[in-house]
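Novice: Listed below are the residues making up each chain.
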Amino acid sequence: MSTLYTRRTVLRGMSLLSLGLLAGCDDSSKLSFKYGKDLSDKIMGRTFKLKDADGETRMLTSYRGMMPMIFFGFTQCPAVCPTTLARAAQAKKLMGRDGEKLQVIFITLDPERDTPQMLDKYVKSFDPTFEALHGTLEETAATAKEFGVFFEKVPNGDSYTLSHTATSYVFDSRGNLRLGLSASLTAQECAEDLLTVMEVC
Amino acid sequence: MTAPSFQRIKQLALGLSLIGLGFQASAQTEVHDAWVRATVAGQPSTGAFMTVQADSDSTLLSVQSPAAKTVQVHQMSMKDDVMKMGMVESVALPAGKPVTFDPHGYHVMLIDLTAQVKEGDKVPLTLTVKNAKGEQETIEVQAEARALGTMDHSKMH
Chain A
1 MSTLYTRRTV LRGMSLLSLG LLAGCDDSSK LSFKYGKDLS DKIMGRTFKL KDADGETRML
61 TSYRGMMPMI FFGFTQCPAV CPTTLARAAQ AKKLMGRDGE KLQVIFITLD PERDTPQMLD
121 KYVKSFDPTF EALHGTLEET AATAKEFGVF FEKVPNGDSY TLSHTATSYV FDSRGNLRLG
181 LSASLTAQEC AEDLLTVMEV C
Chain B
202 MTAPSFQRIK QLALGLSLIG LGFQASAQTE VHDAWVRATV AGQPSTGAFM TVQADSDSTL
262 LSVQSPAAKT VQVHQMSMKD DVMKMGMVES VALPAGKPVT FDPHGYHVML IDLTAQVKEG
322 DKVPLTLTVK NAKGEQETIE VQAEARALGT MDHSKMH
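Protein sequences, first through last, are from chains A and B.
When you line the first sequence up against the working numbering, it's residues 1 to 201, in that order.
When you line the second sequence up against the working numbering, it's residues 202 to 358, in that order.
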């Protein structure tokens with residue numbers, strides 16, 4: 001009797017597990033993207049703790065239920081940063097109603113010059129739902145490291161500019177890292193891959 | 202007596218027409234579709250973009266603007282999805298070939314802006330170009346400020 005019960009429990013457990021696999025929400029299941037890079041097997045960016053424009057602490061869990069897309073940059077970057085944010089805004093529109101679940105998060109790599117208010121105005125000029133996060137220099141470096149994001153100051157006269165990784169990192173609504181979108185992709189290509197992430201979770 | 206003076210007039214005419222040609226040639230750098238990305242209040246720098254075409258092998262030496270304390274030409278490069286930016290001393294403008302200054306390659310950096318750049322503003326830019334003969338010309342451009350969220354055209358497909 002007791003063995004039967006155990007077997008039943010096991011079976012029930014197995015069917016639940018397979019349902020999970022069917023739904024694709026299993027943490028390790030691989031996804032196939034047409035344009036971006038599958039990052040499902042990467043453990044990255046899970047423990048960052050930064051501040052938003054109002055000084056509120058934001059972590060990955062703050063965005064549960066949303067699909068966060070994280071990009072690192074700085075406002076004095078004239079090329080790849082505005083282009084990537086404009087692309088994100090366009091991709092969000094192309095996704096239609098599904099786009100409402102996409103939460104674009106811009107993390108500054110230049111907290112010394114990007115003041116929280118200016119940073120907030122900057123990202124919201126692309127889309128009012130976009131959020132900007134900042135930390136101290138140490139927190140910024142730790143967050144970048146956690147994502148495997150390279151950045152370095154490059155002296156320019158009596159000022160400086162930054163070199164940095166231009167990948168956008170996408171998490172599913174359960175907080176699993178899923179997708180890396182290179183700066184060379186178009187808004188349409190990004191939208192297609194973002195919808196693939198949404199289909200599974 | 203009359204013959205040599207006539208010859209001289211001919212030479213003079215030829216010389217004048219050559220000078221005329223020279224003037225024409227030195228004024229043949231064209232700038233199209235110049236625009237500047239608008240900024241939010243407090244943002245100290247932005248980029249300017251355009252297409253430059255010279256009709257003889259030339260070099261862009263510098264860009265100046267009253268809108269910023271420092272104006273530099275930068276080149277953006279992308280390797281393994283890492284963006285690098287650096288100042289360049291000059292940009293080659295091969296004869297007849299449009300050189301694009303866009304967010305993916307060369308662009309003009311306006312650093313330490315004197316004021317916020319608002320959408321619709323006209324930002325004056327002065328380009329100094331040297332042609333193959335070493336003659337310099339300056340080209341005045343009124344670049345239109347476009348919204349911060351403007352997608353550049355090369356990515357619009």
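In short, the hints are calculated from the structure, not lab data.
Take these hints with a grain of salt, some might be off.
As the list claims (entries may be wrong) - Computed footprint of chain B on chain A, listed as stretches where at least three residues anywhere in the stretch have a Cβ under 8 Å from a Cβ of chain B:
id, region
1, 80-88
2, 116-122
3, 133-141
What the hints assert, rightly or not - Listed next, with one range per pair, are the computed distances between beta-carbon atoms:
id, chain 1, residue 1, chain 2, residue 2, range
4, B, S263, A, G65, 48 to 58 Å
5, A, T136, B, E231, 18 to 28 Å
6, B, T327, A, S159, 19 to 29 Å
Glycine included, each C-beta is placed from N, C-alpha and C at the ideal position.
Novice: All hints are to be evaluated individually against the structure, with a verdict given for each.
Specialist: Hint by hint, here is what the structure shows:
1. 80-88: Since three or more residues must qualify, the claim that chain B covers the region 80-88 of chain A holds, with 6 doing so at under 8 Å.
2. 116-122: With 4 residues close enough to chain B, the hint holds.
3. 133-141: Coverage by chain B is violated for the region 133-141 of chain A (0 residues, Cβ < 8 Å).
4. B:S263 / A:G65: 48 to 58 Å: Given range 48 to 58 Å: holds, Cβ gap about 52 Å.
5. A:T136 / B:E231: 18 to 28 Å: 49 Å Cβ-Cβ, so the 18 to 28 Å window is violated.
6. B:T327 / A:S159: 19 to 29 Å: At roughly 22 Å between Cβ atoms, S159 of chain A and T327 of chain B fall inside 19 to 29 Å, so the hint holds.
When held up to the earlier numbered hints, the structure conflicts with 3 and 5 and fits the remainder.
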